[in-house]
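Both chains are given apart, each in its own frame, so use the hints to dock them into the complex.
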Amino acid sequence: MKILVLVKQVPDTATQVKIGADHKAIDTAGITWIVSPYDEFALEEALRIKEKRGQGEVVAVSLGPDRVKETLRSCLAMGADRAIHLLDPAWDGGDALTTARALAAAIKQEAPALVLCGRQAIDDDMGSVGAQVAELLGWPCASWITEEVVHADGMSIRVGRQAEGGLEVFDLPLPAVASAQKGLNEPRYPTLKGIMGAKKKEIKDVKAADLGLAVESPALSVVTLEALPPRPPGRIIPGEPAEAARELVRALREDAKAL
Amino acid sequence: MAGAFWCIVEDDRQGNPKKVTAEVLGEASRLAAQAGGQAEAVWLTDKATEAGLKLLAEWGAKRVWLCENPGFAPYRGEVWTPVVAELAAKEAPKAIFGAVTTRQRELLARLAARVGAGLAADSTALALDGERLVATRPIYAGKLLAKMTWAKPPWLATLRPNVFRAEDPQAGASPAVERPAVRLPAEQMKLVERREEASTGLPELAEAEVIVSGGRGMKGPENFVILEELARVIGAAVGASRAAVDAGWRPHRFQVGQTGRTVSPKLYLAFGISGAIQHLAGMRTSKVICAVNKDSEAPIFKIADYGIVADLFEIAPLLTQEFKKLLEK
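So the sequence lines, in the order shown, correspond to chains L and X. Per the numbering used here, the very first residue in the first sequence carries number 1; after that it's consecutive. Per the numbering used here, the very first residue in the second sequence carries number 260; after that it's consecutive.
This is chain X alone, in the form it adopts within the complex (with noise of 0.2 Å):
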């Protein structure tokens, strides 16, 4: 409906909505509860399911837009794009709201340029001030955070992950499905392969709500198994600072920081971890922060909640048993 609050699913590939969504939908729905609106879903997808329909009701969304067709698998900019523009010129949004994910940074983007929108993308904050929606984004490596408004709606913004807070989910709620007619475009990309990553177990770095880190202190990259060690006991996903990965000790897509992940999970452990601003760029929006490093100059500790001045091949392998004593309880 015109007016309302549109949030782009981000899915598992599986037919799933992520977390991420439940959260972004959650922000929609306070602030369309504010403007007298209403928060709803667009899912572009090869494959959506009956309980994922009914995960996106209960987590706030009145309505949800089904795009269902196997040509928007895999992602690809030139076909999702003017559908999801087609769709938003006849229903008139006013907000068009995504992920932090690399595909939604991407799509949001295009959409911006197609429509001829302001995107405000990584906002961690959105704030309804009279007429007017204002995003909070974090620049200059967060050491600043600039507040920004749009000329017209729709108000486009992606919302980084874990920052937004879900609504309480609404047992038994059941969606009003709308499945317009889609003309898809044509394909430019093809796909050759998709490569999975190999799988830790542990859950994504950047969705997850516990993140254990290591930097140049571990020495080496036997070492990290005893932070995989401590993740797997409290269901954390493993990071890793820039001078780790470009040790070689881990692969890229585990680098926390500006020339990699910029993650803010519920609560962050830093172990043999200095504190560079281009570490904390991508991790100080954290809610917990714990530092433990045998240097007590290390500028981590200037933003860290908790520290322990030690040496981290102590205390790891203790925080693993006394978590593990905790959690049994």
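Excised from the complex, chain L in its bound form (with noise of 0.2 Å):
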């Protein structure tokens, strides 16, 4: 069974992201980069798959610029096969939905029986691409999973989708598309092994050519990146617990309204 696992390279969360000189995307300098967390239990869901089924083959996709090879060598590290690295500025500036486009066209050339990847990424959280890409290619779609099966015939997958107020459980037919939700599994780390396994195993760059594919403009883009305005400074309640436990209570529903 062939898996396609959709990976994204994020910005760490701890690292300061600063505004770039056109005000639209950030500053890159000095930023650490990261497989986007959501998208690490997709590639974990995806070897385990393969590993419980005993055959296989895992493949991270992602789209992005030079710097994309990194993150899909760490892919590879964690045990991925090979990796397909969508390179190409034409991509540049594009929207959740030129990704789409894209990894829906590599998708098709690929032909695997399933696509996992994470509810969203998290440095735009979006959250849109795994759910366009399975539209794109006329696919079913469980998102927020956080449990999954693959029945023993490999025609179908069973997955529980979260949903508000419980989690759905469904039987799909491959091929479909699936995201991962925290909960489904704990990513492995790295092995030595695999690192050094890593620097063998093939990363292939393509071109939007090479998928037969006209980049269109953007439908949505950036007006400008803003500093979340400050907030107003806080106040911290002294006093005795019980004289402070009263004042934060007055001082909610007086001054604040918050209640």
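The set of hints was computed from the structure by calculation and includes no laboratory data. Careful: at least some of the hints might be erroneous.
[To be verified] Example chain X residues on the side facing chain L (calculated, C-beta under 8 Å, incomplete):
hint : residue
1    : F331
2    : T361
3    : R362
4    : A376
5    : V393
6    : A400
7    : P412
8    : L450
9    : E452
10   : I493
11   : T518
12   : S533
13   : I536
14   : A563
[Claimed, not checked] Quick list of in silico lysine to aspartate or glutamate cross-link-like pairs, EDC-like style, CA-CA up to 20 Å:
hint : chain 1 : residue 1 : chain 2 : residue 2
15   : L       : K24       : X       : D388
16   : X       : K406      : L       : E226
17   : X       : K583      : L       : D255
18   : X       : K449      : L       : E147
19   : X       : K546      : X       : E463
20   : X       : K406      : L       : D92
21   : L       : K2        : L       : E44
22   : X       : K411      : L       : E216
23   : X       : K449      : L       : D171
24   : X       : K584      : L       : E247
25   : X       : K449      : L       : D153
26   : X       : K406      : L       : D22
27   : L       : K257      : X       : D427
28   : X       : K349      : X       : E437
29   : X       : K553      : L       : E240
30   : X       : K321      : X       : D427
31   : X       : K525      : L       : E254
32   : X       : K546      : L       : D255
33   : X       : K546      : L       : E254
34   : X       : K525      : L       : E247
35   : X       : K277      : X       : E309
36   : X       : K406      : L       : D153
37   : X       : K583      : L       : E247
[Claimed, not checked] According to the in silico footprint, chain L covers these stretches of chain X (three or more CB under 8 Å from chain L):
hint : stretch
38   : 332 to 342
39   : 542 to 554
40   : 569 to 581
Bear in mind the structure is a predicted one, so any value in this text is a computation, not a measurement. Glycine included, each C-beta is placed from N, C-alpha and C at the ideal position.
Below is the structure:
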């Protein structure tokens, strides 16, 4: 069973982000990049499916500039068999739909049984690409899954999807797309052997033309990035516990009108 | 009608629209008034109620597009998306808004791909700027705000709960209900079962107006009962930090933060939460933030409107008593 895992390179959460000179993107100088955490759940799940079935192939796919190679290399170190790097300046400045179209075209060429991705990337939190890939391919899609079992015949998959007020369990015919929510698994760390082995694995560069794609202009674009307006300074309420509690409740009611 | 601002209805699966839909309709009504259109609701459901339709009208929907069919439950993207897309192709709305819920986030994404439109997911503000709409979205763990705009209509967006204001209900408003003929697309996903979450008797985290959250300072799962008591008194949901969830003290669905839920209540009370950036990412758009922590250096105090530097085990029960007294008045 071939499984494609869609991954995105994002700044580490703890990294300071600064607005770039054009005010439309961040200044990438000095940023520590990581694999978006939800994508790690997706990759881990793909590796577990392969291990459980005793056969198959796990392919990591990512779109972005040269630095994305590092992220793909991390995926190979975790255990992916090979990687595809969608690398073309034509995709610069694209929106989620630009990315989804590129990924859908790559998926068509690879024809996997299953596509896994994270429920959202932690940089722009758009959370759209997985569902959009499914729509473009005409495949079913289960978002925010916390449980997954591939049926023995390899023709369908059972997933538990997080919904408001409960968990909904579905059977999906393959091929299908599923997006990983925290709770699905605990991602492994790459082993030294994995890291060494990753150097020998293939990362294939793919351009828009290789996919037969004419890149469309983005449907949504950034007007400007702004720093968060500062919150008004807070107030530490002093005094003995009973006194402080009383004063906090009074302030919430009378000053903040929060209750 | 052409140029309308559509709102996809989020309901409780029993035929009753949820509060978040009032917020989405409120925002749609204000924008439509400026743009010279009207707010309309689009309701896909297995079961609508008369009371529900009336509520939508009271919340500002001038028209309700009602698509009622057993095939719409449970939500499946491959069934819902073509129905909304087909209706939109006919009616040419200017905007299609949804709420940030798991299903509407997916639906709007699929819809955007199907009709080739832009989607501003999890928006916290919308504003008309001449002929264009500009959405504000928190990005990079809420450290920055992105203002984004669409190349062309329809403008698709999902709106974060508790951020947008519902209009005052127009009592007695009655809805113009359209029941468009619907060809139900073939389903691909088959429901096996739905496991309801054990009811806590408290509001749902994602939509709650008040949230009481506990972190590592709670010291163990057994102590969350003191937060539940407080929550019960003030009608709050109980959340948890990643530290508390990763320690196994609370199920993941209660996690507030970057790898959990993003919430934006009117009041957020943090107990024993240090305020790591991952946590702030999920709650920093809350209107009023209170923190109780023994460590006066905890980063949570930097964004808190009110703070008490003390032992939460002393403060929380005292707060419960004080709130009780206040609400009994």
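We went through each hint and held it up to the structure:
Checking F331(X) against chain L by beta carbon gives a least distance of about 14 Å; that is not within 8 Å, so the hint is violated. Here the hint on T361(X) is kept, as its CB sits about 5 Å from the closest CB of chain L, short of 8 Å. At a threshold of 8 Å, the smallest CB-CB gap from R362(X) to chain L is about 6 Å, leaving the interface hint in force. Interface hint at A376(X): satisfied, since its Cβ lies 6 Å from the closest Cβ of chain L, which is below the 8 Å cut-off.
At its closest, the beta carbon of V393(X) sits 6 Å from a beta carbon of chain L; the interface hint therefore holds under the 8 Å criterion. Nearest Cβ of chain L to the Cβ of A400(X): about 5 Å, under the 8 Å cut. The hint holds. Hint status for P412(X) relative to chain L: violated, with the closest Cβ pair at about 10 Å, above 8 Å. The interface hint given for L450(X) is met, as the beta carbon of that residue sits about 6 Å from the closest beta carbon of chain L, less than 8 Å.
The criterion of a C-beta within 8 Å of any C-beta in chain L is met by E452(X), whose closest approach is roughly 5 Å, and the hint holds. Because the smallest distance between the Cβ of I493(X) and any Cβ of chain L comes to about 7 Å, under 8 Å, the interface hint for this residue holds. The criterion of a C-beta within 8 Å of any C-beta in chain L is met by T518(X), whose closest approach is roughly 5 Å, and the hint holds. The interface hint given for S533(X) is violated, since its Cβ lies 13 Å from the closest Cβ of chain L, which is over the 8 Å cut-off.
Interface hint at I536(X): satisfied, since its Cβ lies 5 Å from the closest Cβ of chain L, which is below the 8 Å cut-off. Among the interface hints, the one on A563(X) holds; its C-beta lies about 5 Å from the nearest C-beta in chain L, closer than the 8 Å criterion. For the hint linking K24(L) to D388(X), the alpha-carbon distance of about 18 Å falls within 20 Å, and the restraint holds. Between K406(X) and E226(L) the alpha-carbon distance is near 8 Å, which keeps this suggested pair within the 20 Å criterion.
Between the alpha carbons of K583(X) and D255(L) the distance comes to roughly 19 Å, so the proposed pair stays at or under 20 Å and holds. For the given pair, K449(X) sits about 15 Å from E147(L) by alpha-carbon distance, which is consistent with the 20 Å threshold. For the proposed pair K546(X) and E463(X), the alpha carbon gap of about 18 Å is at most 20 Å, so the pair holds. Between K406(X) and D92(L) the alpha-carbon distance is near 18 Å, which keeps this suggested pair within the 20 Å criterion.
At roughly 14 Å between alpha-carbon atoms, K2(L) and E44(L) fall within 20 Å of each other, so this suggested pair holds. As the CA atoms of K411(X) and E216(L) are separated by approximately 13 Å, the hinted pair is consistent with the 20 Å bound. A threshold of 20 Å between alpha carbons decides the hint, and for K449(X) with D171(L) the separation of about 5 Å falls inside it, so the pair holds. A C-alpha spacing of about 13 Å is found between K584(X) and E247(L), which places the hinted pair at or below 20 Å, so the restraint holds.
For the proposed pair K449(X) and D153(L), the alpha carbon gap of about 17 Å is at most 20 Å, so the pair holds. Distance check on the hinted pair: K406(X) and D22(L) sit about 13 Å apart at the alpha-carbon level, within 20 Å; holds. With a C-alpha separation of about 19 Å, the suggested pairing of K257(L) with D427(X) holds against the 20 Å cut-off. Note on K349(X) and E437(X): the hinted pairing holds, with a Cα-Cα distance of about 13 Å set against a maximum of 20 Å.
At most 20 Å may separate the alpha-carbon atoms for a hinted pair to count; K553(X) and E240(L) meet this at roughly 13 Å. Distance restraint check for K321(X) and D427(X): the Cα-Cα separation of roughly 15 Å lies within the 20 Å cut-off, and the hinted pair is therefore satisfied. At most 20 Å may separate the alpha-carbon atoms for a hinted pair to count; K525(X) and E254(L) meet this at roughly 14 Å. The hinted pair formed by K546(X) and D255(L) meets the criterion: a straight-line CA distance of about 13 Å does not exceed 20 Å.
For the hint pairing K546(X) with E254(L), the CA-to-CA distance comes to about 15 Å; that is within 20 Å, so the pair holds. Proposed proximity of K525(X) and E247(L) is supported: the alpha carbons are some 19 Å apart, at most 20 Å. With a C-alpha separation of about 15 Å, the suggested pairing of K277(X) with E309(X) holds against the 20 Å cut-off. The hinted pair formed by K406(X) and D153(L) fails the criterion: a straight-line CA distance of about 48 Å is larger than 20 Å.
Our distance criterion of 20 Å between C-alpha atoms is met by K583(X) and E247(L), whose separation comes to about 14 Å. Proximity of the stretch 332 to 342 of chain X to chain L, defined as three or more residues with a beta carbon under 8 Å from a beta carbon of that chain, is established by the 6 residues found. Proximity of the stretch 542 to 554 of chain X to chain L, defined as three or more residues with a beta carbon under 8 Å from a beta carbon of that chain, is established by the 5 residues found. For the stretch 569 to 581 of chain X, the assignment as covered by chain L holds, since 8 residues bring a beta-carbon within under 8 Å of that chain's beta-carbons and 3 suffice.
Checked against the numbered hints above, the structure breaks hints 1, 7, 12 and 36 and satisfies the rest.
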